[in-house]
Amino acid sequence: MPGFVKRYLEWLQQGVPTGDVVRYPVIGPDYRTNLAGVFIIGDLSGLPLLKFAARQGFEVMETIHRELQSLPPVASPDVLDVVIVGAGAAGLSAALQAKRLGLNYVVLESVRAANTIVNFPKGKLIFAEPMQIANPSELPIRESNREELLAAWQALLDREQLAIREGAEVTDIQRRTDGHWAVTVAGQPAVVARRVVLATGKAGNTRRLGVPGEDLPKVLDRLFSPQDFHDLDILVVGGGDTAVETAVALAEAGNRVTLAYRRSAFSRIKAGNHERIRQLADARRITLLFDTTVVHISETEVELDVGGQRRRLPNALVFAMIGRELPYAFFERIGIAIEKTWTLTRFALYGLAVFIFTSIYFGKHVVASRVLQEGEPVRRYSEWLVPAIIVAGMIGVVYVVYLRLNRGKLDTFRAYVGPTAVLIVTLGASLGALWWMSGQSDANFLWGRHPGFWYSLLYTVTIFIFGLRRMRRKQVGWLHRPSDPQPGAHPSGAPVSYPGAVTGHCPSRLDSGLDRGARPFRMGITGGGMDLSWRIPCSFTMC
Numbered sequence: 040m041p042g043f044v045k046r047y048l049e050w051l052q053q054g055v056p057t058g059d060v061v062r063y064p065v066i067g068p069d070y071r072t073n074l075a076g077v078f079i080i081g082d083l084s085g086l087p088l089l090k091f092a093a094r095q096g097f098e099v100m101e102t103i104h105r106e107l108q109s110l111p112p113v114a115s116p117d118v119l120d121v122v123i124v125g126a127g128a129a130g131l132s133a134a135l136q137a138k139r140l141g142l143n144y145v146v147l148e149s150v151r152a153a154n155t156i157v158n159f160p161k162g163k164l165i166f167a168e169p170m171q172i173a174n175p176s177e178l179p180i181r182e183s184n185r186e187e188l189l190a191a192w193q194a195l196l197d198r199e200q201l202a203i204r205e206g207a208e209v210t211d212i213q214r215r216t217d218g219h220w221a222v223t224v225a226g227q228p229a230v231v232a233r234r235v236v237l238a239t240g241k242a243g244n245t246r247r248l249g250v251p252g253e254d255l256p257k258v259l260d261r262l263f264s265p266q267d268f269h270d271l272d273i274l275v276v277g278g279g280d281t282a283v284e285t286a287v288a289l290a291e292a293g294n295r296v297t298l299a300y301r302r303s304a305f306s307r308i309k310a311g312n313h314e315r316i317r318q319l320a321d322a323r324r325i326t327l328l329f330d331t332t333v334v335h336i337s338e339t340e341v342e343l344d345v346g347g348q349r350r351r352l353p354n355a356l357v358f359a360m361i362g363r364e365l366p367y368a369f370f371e372r373i374g375i376a377i378e379k380t381w382t383l384t385r386f387a388l389y390g391l392a393v394f395i396f397t398s399i400y401f402g403k404h405v406v407a408s409r410v411l412q413e414g415e416p417v418r419r420y421s422e423w424l425v426p427a428i429i430v431a432g433m434i435g436v437v438y439v440v441y442l443r444l445n446r447g448k449l450d451t452f453r454a455y456v457g458p459t460a461v462l463i464v465t466l467g468a469s470l471g472a473l474w475w476m477s478g479q480s481d482a483n484f485l486w487g488r489h490p491g492f493w494y495s496l497l498y499t500v501t502i503f504i505f506g507l508r509r510m511r512r513k514q515v516g517w518l519h520r521p522s523d524p525q526p527g528a529h530p531s532g533a534p535v536s537y538p539g540a541v542t543g544h545c546p547s548r549l550d551s552g553l554d555r556g557a558r559p560f561r562m563g564i565t566g567g568g569m570d571l572s573w574r575i576p577c578s579f580t581m582c
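In terms of the numbering used here, the sequence shown is residues 40 to 582.
Derived by calculation from the structure, the hints in this document are not laboratory data. Certain hints may be false.
Stated by the list, open to error - Distance ranges between label pairs, derived from CB positions:
| # | residue 1 | residue 2 | range |
| --- | --- | --- | --- |
| 1 | T382 | Q108 | 32 to 40 Å |
| 2 | F492 | L383 | 36 to 44 Å |
| 3 | Y494 | G249 | 44 to 52 Å |
| 4 | F329 | A355 | 18 to 26 Å |
| 5 | D270 | L164 | 24 to 32 Å |
| 6 | Y494 | G457 | 27 to 35 Å |
As the list claims (entries may be wrong) - With a straight-line cut-off of 27 Å between C-alpha atoms, the simulated DSS-like cross-links for lysine-lysine are:
| # | residue 1 | residue 2 |
| --- | --- | --- |
| 7 | K241 | K138 |
| 8 | K241 | K163 |
| 9 | K241 | K257 |
| 10 | K241 | K309 |
| 11 | K163 | K257 |
| 12 | K309 | K163 |
| 13 | K241 | K379 |
| 14 | K241 | K161 |
| 15 | K309 | K161 |
| 16 | K161 | K257 |
From the three backbone atoms N, C-alpha and C, an ideal C-beta is built for every residue, glycine too.
With the sequences and hints as input, model every part of the structure.
And the structure:
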């Protein structure tokens, strides 16, 4: 039975993107954070593409330059205009534009310039995507391989002589009383600036497997040169493009490769990677293990959990290609707001929403138990007790299931606080709403109507509105142009009139507002002997 339920849930999720939800910093217009004067660009903003990073570096410096021009100059030569943290694509692009605009700047890089590109495998192809987006920066982003791109960037750095301090690890950023920012660098004097741009990316924050043996020298998180390894038993852990590309490269270098992925299928890899790894798997040059997690790593073997069964494999190397995390501890230390973080305001709004929704849903039952309402106390208790037990039981079950599914992640006390607080607020708001409604039965007869009437009306209006919005966003088979021949249409192609026909106009494309055109559409609704005809104004066109 559990296996059937699992397969059913997997079937429901077909075609649905999977993976852990990444919480990014809250970024407003012009890449601003909640800290005035601190900006975030590049991979930290959720756009891990070189062309986007270069564009953001250019644009953020334009914004900072405009801001500083409107402010009085700073007399102290020790106060810079801007500090750029990170010398990847975003940081280098920002530094180039800062130099062009005459800003007093410095780039602080914990390792070396272009470290992410340096760490790419030898010969890795670099794509200049998306092709339709222009790159206003002087930093070259073009289709090439790792070596060609590094050579182009190095030539640019040699020519421009940008102010880059390598080996400068930023550990803290704090606002001073004069409004400037003090950037703390490990083992070096602090740097003071009027503006700070964070462009560190996620390269230095590798996710961990969390299993015994993970710290052995044989466990790696990067592949520099596949040709360095030959005729070895290698385990690659992960299911993204990086993991697949690593497994393919190692297999083609003559190794015996096993790819272990914790889910039942690949769901978010490029089509080319999917085709290549399937070819190698069919040729038995790569062993694919789905629904698999690592249990233990030793010097000569690895222990895996494959679909609930333990399996030991001979092993010389493990590549843990499971992605990288944002520097949440650093963000918390300096005060950067993160998406979906539970604050007092969010808890209050959440509790209010639960109270309202509970009241709306259970309001139709307020006067349902009149048989038990022989006295006022009995009436009040009978009205809310059964719904309260149902609500409490459902919330409790969801909480227990959540803890069960996430028991491997909830390894600290702090990790339990959020779910527990949500449980308490949900339960309290729901029971409070039910208790409040137990004494409101007379008041709920608004305009002489039973609460169930208003509930049904609200439900109908909601479904109608969301139905219209759905048709606006995605066309379906019964939404077509009158000029298109349809089943039952006249041989000439002219559409045949039918009940419920609606004519209007619809944008032909919705991709970022490009090529917006208009075309008439027709929608037919029939059935049940009903003949419904109405017109939808242009503002309700389906698109």
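Inset, instruction - State the violated hints by number, sorted upward, taking the hints as numbered earlier in the document. - result: none
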